[in-house]
Structures are given as C-alpha cells and as structure tokens.
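K.L.:
The lines below spell out each chain.
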Amino acid sequence: MNADSPSVVGRIAAVSAALAVLLVSAGLLALLFGSTDTVTDAFFSLFRGSGKADPMAETILWQIRFPRVLLAVLVGAALSLGGLVFQALLRNPLAEPYILGVSGGSAVGAIFGILLGFSRFPGVSLTAFAGSMATLALVLLLSSGQSVLKKDSLLLAGVMVNAFCSAVITFLISLTQDARLHNIIYWLMGDLGQSGMDQVGLLAAMLIPCFILFFALSHPMNLLLMGKEMAQTMGVNIRVVTLVLLVATSFMVSATVANCGLLGFVGLVMPHLLRLLVGPDHRVLVPACAIGGGAFMVLCDLLARVLPRQGEMPVGVITAMIGAPLFIYLLKRSGSDANRG
Amino acid sequence: MQTVVDIEGLSHFYGPFQALRELSLSVPKGCFFIVIGPNGSGKTTLLKNLAGIETPAAGAVRVLGRLLEEYTRKELARHLALVPQLPSEDFPFRVRDIVLMGRSPHLGVLGLDREADRKLARQAMAFTGVEPFAGRRLDQLSGGERQRVFIARAICQEPEILLLDEPTAALDLAHQVRIMDLMERLKKDRGVTVVMVSHDVNLAAMYADQLLLMREGQTVSLGPPTEVLTYEILEKTYGCPLLVDESPLGGVPRVTLVPSRYMDPDKGG
Chain A
1 MNADSPSVVG RIAAVSAALA VLLVSAGLLA LLFGSTDTVT DAFFSLFRGS GKADPMAETI
61 LWQIRFPRVL LAVLVGAALS LGGLVFQALL RNPLAEPYIL GVSGGSAVGA IFGILLGFSR
121 FPGVSLTAFA GSMATLALVL LLSSGQSVLK KDSLLLAGVM VNAFCSAVIT FLISLTQDAR
181 LHNIIYWLMG DLGQSGMDQV GLLAAMLIPC FILFFALSHP MNLLLMGKEM AQTMGVNIRV
241 VTLVLLVATS FMVSATVANC GLLGFVGLVM PHLLRLLVGP DHRVLVPACA IGGGAFMVLC
301 DLLARVLPRQ GEMPVGVITA MIGAPLFIYL LKRSGSDANR G
Chain B
1001 MQTVVDIEGL SHFYGPFQAL RELSLSVPKG CFFIVIGPNG SGKTTLLKNL AGIETPAAGA
1061 VRVLGRLLEE YTRKELARHL ALVPQLPSED FPFRVRDIVL MGRSPHLGVL GLDREADRKL
1121 ARQAMAFTGV EPFAGRRLDQ LSGGERQRVF IARAICQEPE ILLLDEPTAA LDLAHQVRIM
1181 DLMERLKKDR GVTVVMVSHD VNLAAMYADQ LLLMREGQTV SLGPPTEVLT YEILEKTYGC
1241 PLLVDESPLG GVPRVTLVPS RYMDPDKGG
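Protein sequences, first through last, are from chains A and B. Per this note's numbering, the very first residue in the first sequence carries number 1; after that it's consecutive. Per this note's numbering, the very first residue in the second sequence carries number 1001; after that it's consecutive.
Since the hints were derived computationally from the structure, they do not count as laboratory data. It is possible that part of the hints are untrue.
Result set (SDA-like, lysine to any residue): computed pairs, CA atoms no more than 20 Å apart in a straight line [what the hints assert, rightly or not]:
no., chain 1, residue 1, chain 2, residue 2
1, B, K1119, A, G10
2, B, K1074, A, V244
3, B, K1074, A, T242
4, B, K1074, A, V241
5, B, K1029, B, D1006
6, A, K228, B, P1224
7, B, K1188, B, H1079
8, A, K228, B, K1074
9, A, K228, B, L1068
10, B, K1074, A, A20
11, B, K1236, B, V1258
12, B, K1236, B, G1223
13, A, K332, A, L90
14, B, K1119, B, L1107
15, A, K228, A, L89
16, A, K332, A, D152
17, A, K228, B, Y1014
18, B, K1074, B, E1158
19, A, K228, B, T1072
20, B, K1074, B, Y1014
21, A, K332, B, G1144
22, B, K1187, B, P1028
23, B, K1074, A, G10
24, A, K228, B, V1109
25, B, K1074, B, L1107
26, B, K1187, B, P1224
Which chain B residues face chain A? A few, computed with CB under 8 Å, are given here [to be verified]:
no., residue
27, Y1014
28, I1053
29, L1080
30, P1084
31, P1092
32, S1104
33, P1105
34, V1109
35, L1110
Note that CB positions come from ideal geometry on N, CA and C, so glycine has one too.
Assemble the whole structure, with the sequences as input and the hints as a guide.
P.N.:
As structure tokens, this is what we get:
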C-alpha cells in the first residue's frame, strides 16, 4: 500500500503544483494577449531590456489586465469549488450553482440591491447573499419530498427556480428606466471587465476564507459520500458540516455573482475533469479545483477577449458553450447508469 | 456480567407511527447479539437509535456506561461502528481508501493517516479477505465483496461494538456464511460485541449468543436461540405456519416454513 499509493499530503502537493504551473502559464498568456497588441510589444521590449516601456502599455498591463486576471482566478476558483461542494453534499454529479438556481437567486438579490441604490459593498453583496440563500432553501425544499434528494427532482427544482429568477430579473429591469440598464444586462451575461484592484481585493477577502473552510472540511466531505449513516458513525456531525458548507457556498457564489454576474456551468467542468484525473478524494480535489478552476476561467476570459473581431464578448458565453454540452453528456451518462444499476 | 449497551424505556416515533415501544434491554460484553422479527417490527430503528443516528422520543441509551448524548460524534465513533443496509456506491473510491476512512475518528479533521493506520487497514483487509482487490474501485466489486469492504472499514475503526444491519441480505449462500463466520471470529479473537439485525432466522440461530425477537416495537422474547425459537413464540410473532425442530448440526433449533397447501386438507397432496 505504500508503494502504490503515495501519502495524501504528497498527492495534494503534486497535483496542486502541476495545476499551479498551468495557472501561471494561463495568467501570463492572459496578461500578454488581448484586444490590443501594444502590451505584447511592450512586454517583449521590457525583457530585451531595450528602451523604456510604453506607459500606455504599462497602464493596460497593470491596471486593466492584471486585476482582470486575478479576478478571473478568484471567480473560477469559487465557482468550481461551488460545483464540487454541491456535488458532494447533494450526492448529485450534475449539481452546480448556476444549474441549481443559486446564481440566479444571487442575481435577483443583487439587482434589488442595485435598484434600491445600495453601494456595491456591503449593500449589494448582502442582498445577493440573501437571494442565494433563499433560492437554495427553496430548491432543497422543493426537491425533498422524501428524505433522499432525488437526482431528477433536484434538477427540475433548479430549472424552475432559475426560470422564475430570470422572469423576476427581466421584470425588474423593465420597471427601471435607468442609464444603468445596459450595464445590468451586460453584467448578467457574466463579465470580468470592470474591475479595479480594490474590488479584487475585497472579493479575495470574502472568498479566500471560504476556500480555507472547504479544505478544512474536505475529509468530512469524503465521509459524507459514503452515505449519511456511515458518515455519522465515523464521527461526522453531518448537520453542522452540511449547514456550514451550504451557507459558505451560497455566500461565495453570491459574492462572485454580485461582482461578475452569471457565469454558468463553471462548477461542472473542473470538478468532473479533475475527478477523472486525480480521483474522488476531496482533500486533493479542493485545492485542485481552486487552482484549476482559476486557470480555466483565465483561459475562458482570454478567449472572450481575443476571439471577437471588435471589442469583447461576455465570458459567460464561453463558459456556457463549454459547460452546457458537458452537462448534456453527463445527464445522458447518468441516465444510462441508472438503467444499468 | 459486564454490559456494553443498556437501553431503558426506549420509544421512537416516525410521525404518528410508534416504531419502538418502551424497549429495555442490555447487551453483554463480547456477545454476538442478533435482532430478528417481522418487517416493521422496529429492528433497524433500534439499531439506528443505538448508533445515535436517530434520536429517541423517550428513554435512555447507554453505551459503555455513558449516555449516548454525552458523547460527541467522534468520541462515539471510536467505540462503535455501523455497517448500514445498502451503503452508497456513488463516488468510486478505491477499496483501500474506503477501509482507511475507518480510521477517521482517531485522526485529525483532515484525516491524514500515519503508517500505523495503514497497517491497521491492511490487517482489516486481510481479516475480511478483501486484500486482493485493495486497488480496485468499489463499483467494480460484487455485492458480497462490497459488503466485506464495508465490514473491513468498520473493523479498521477498532470499535468495541459493531452494529450491522442485515449484512447478509442479497448475498448468496457462501457469502452469507462467510460474513457470519467473520463476525464470530471478530467476537472470539478481538472480544468485539456484535449487534446484528437479520431476517434469516436459521442463520441467526446458528450464530447468536443472544437472540432478540421483536414485534411492533416491543420485545417478544430475549435469550439464547433455544429459548427464543420455539414453535409457540414464532407462530405468534410471525403469524404463519412454521415447523421447529433441531438442526441436524445439533444444539440449535431449525425453523422450516410450511407452504399453505400442507395446511389445507382440501388441497393437500
């Protein structure tokens, strides 16, 4: 057992290091490339040591792209972890903040906050958090006809809550004749564009404690996968662990939604990919999803900036185009699993 | 005699339905204690109350002399392990990782295992005969193998009391005997007290030191198999025609089901 299974700590370190390399490479790419080439030129001239860097390029690099990359890392990590935690807690491989309607609920809360004229922090963050908690409670309530959360009823409840949230959002938007209207719609599609360092710092302060909490509870999450009864008799206080994880996840999701809008399906891609690569141990998966999810979002955002001929597209478009087919594939596969079992 | 489990006046409700009615009993240390009874008699509910998974409406459960509610989950898990009915198989952990999970109550919150823990896991896997597929995933195993993996996990937990809910249900004959033999060895070699819920009266008769026959949340009879498994008691409890004689192996009763065609003179052959 020693030879063929390295210690958990070793596995965590190896997987995290490999993904960190990926993250740093993705980050460098995202800093270098974008809708303007000046930065690339400036960057290379900086390395050659020839001449001074173009001040314009420097501004773009440090004040626009750098916070944007950091924001993408944070948001990608948060949403991937959100998917991972929901999948473990609800024992449903298709669970994800966006699909369950938690993101939509946060958006409704955030728009309420914006329309009421609250400041972005803490006002809008709080209304977004309230929205996400309310939708999560609603989805769990709707799908818990029996003690076991059924796979399909959970998804169905999520779809309905999502539809309701979209309706409320459209309703709220059509009530306002506001200059911010365009901004809201653009933000809804998932946007990492308008971020300064102070906003990134604030978001980091909200998210990083959640990441640490998830890592601390990663082994209880493993035990929870063995079923409630076994987990309890192996010493897990499932009521406390479940509650803490659910609240922390919706807090995290609401913080990202309030800052960057709706980015769908991110919570499916990384958890599933990494589970295939490194196995089901959450002690490895939590750090891996944080780092890998960050890298994934950085790359998606890079595509969103580079692909359009003019301007850029909301990054939510990219994540949905990657994630939605994966969702359909997983749904199909879990269906055939059910038939087989 | 020293007891490890003491239950006093235990009542449990599911909504308006009373699953346990002021049940009182004690389990002696190192005993193979098997609970039998008709469907819905409260066997599993009793086991869950004992494991602290369900909270009783009234009464007291003492494990090793201490009230259940005085334990934290983790403390209790160091003394008592459970192999539930139909455990999950959702996420494909490997066998050795599952067995190692049994060490969790003895470890920190991240469950980082030391060499001593890995050694205990190896021993538990050898004991239950699952070592050959230590590297396989749970979803690649048969029902009997899987059940032994979960038992290995429970043994790795080093409990003084092991609870099992119908571990032989859905297993073929060879695997049934194998699981029961394992429990007997666990009791003899390590002095573990085994409390098992079973549907199989004959299997229970062959292995149990103490047999608890339940009906409608109450004790019908409690004692060694020869005292509990009599024709009068069984027919009254199960409400069906039965034949009770001595097993050809000797010393324990044997229960035979009697098809109704033997009872009705008009249709009799």
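K.L.:
For which of the previously enumerated hints does the structure constitute a violation, in increasing order of number?
P.N.:
6, 10, 20, 21, 23, 27
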